[in-house]
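Peer 1: The lines below spell out each chain.
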Amino acid sequence: KNEVEQSPQNLTAQEGEFITINCSYSVGISALHWLQQHPGGGIVSLFMLSSGKKKHGRLIATINIQEKHSSLHITASHPRDSAVYICAVGAGNQFYFGTGTSLTVIP
Amino acid sequence: NAGVTQTPKFQVLKTGQSMTLQCAQDMNHNSMYWYRQDPGMGLRLIYYSASEGTTDKGEVPNGYNVSRLNKREFSLRLESAAPSQTSVYFCASSGQKYNEQFFGPGTRLTVL
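Chains as they are written, first to last, in the numbering used here: chain A, 1 to 107; chain B, 1 to 112.
Read the hints as simulated data drawn from the structure, not as lab findings.
Treat the hints with caution; some may be incorrect.
Unchecked claim - 20 Å max Cα-Cα, derived EDC-like pairs, lysine to aspartate or glutamate:
#1 B:Lys-57 x B:Glu-73
#2 A:Lys-53 x B:Glu-100
#3 A:Lys-54 x B:Glu-100
With the hints as constraints, model all of the structure from the sequences given.
Peer 2: Right under this line is the structure:
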């Protein structure tokens, strides 16, 4: 049983394309996080959301609490965006993670 | 600021050996976490500490113990390592429980 599901698992895009990664969850949450894991293994937090929408540069994250769904959008994708993107939710005393979306952006 | 540091970076153990993974943060965060990451399974929470002196079990606590020594340090101990504990271990910290988390570089552990 997976509390957090992400799609797609793998994504290849041409540089400049608009990218969307989806996250659905099955538990009541206090917060949702989007993380980026670099090819070298390091993990960086991109967003923490409890409602609405946030934007950092070319990255946009949205959440719909009623539908238990979040999306991460990357506008004007670049090869340096190639990484694994992970959705995570905080629920009670637990944190649940999706298995990640592996993104490759081709020049 | 070093952020979140972990030691060691790599470790190979034999079945039954014990070891402690160390984690420290210099951001004055209250909450600290230990995760393991296995291929195809994503990150899973092992233990969580909301503050000095308090710890809570996560999704996969069996075979592990933790100690929140002070506000800065949160250690993870394997008393009798098993091959199923071969994994990459990440420590993280956040100001409060659901806030943005800052991750350490990870420890790659192999149990033979």
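Peer 1: Decide, hint by hint, whether the structure agrees.
Peer 2: Structure-based check of all given hints:
Under the criterion of a C-alpha separation no larger than 20 Å, the hint pairing B:Lys-57 with B:Glu-73 is consistent with the structure, at around 17 Å. Between A:Lys-53 and B:Glu-100 the CA atoms are separated by roughly 16 Å; this keeps the pair inside 20 Å, and the hint holds. Taking the CA atoms of A:Lys-54 and B:Glu-100, the gap is about 14 Å. The hint holds against a cut of 20 Å.
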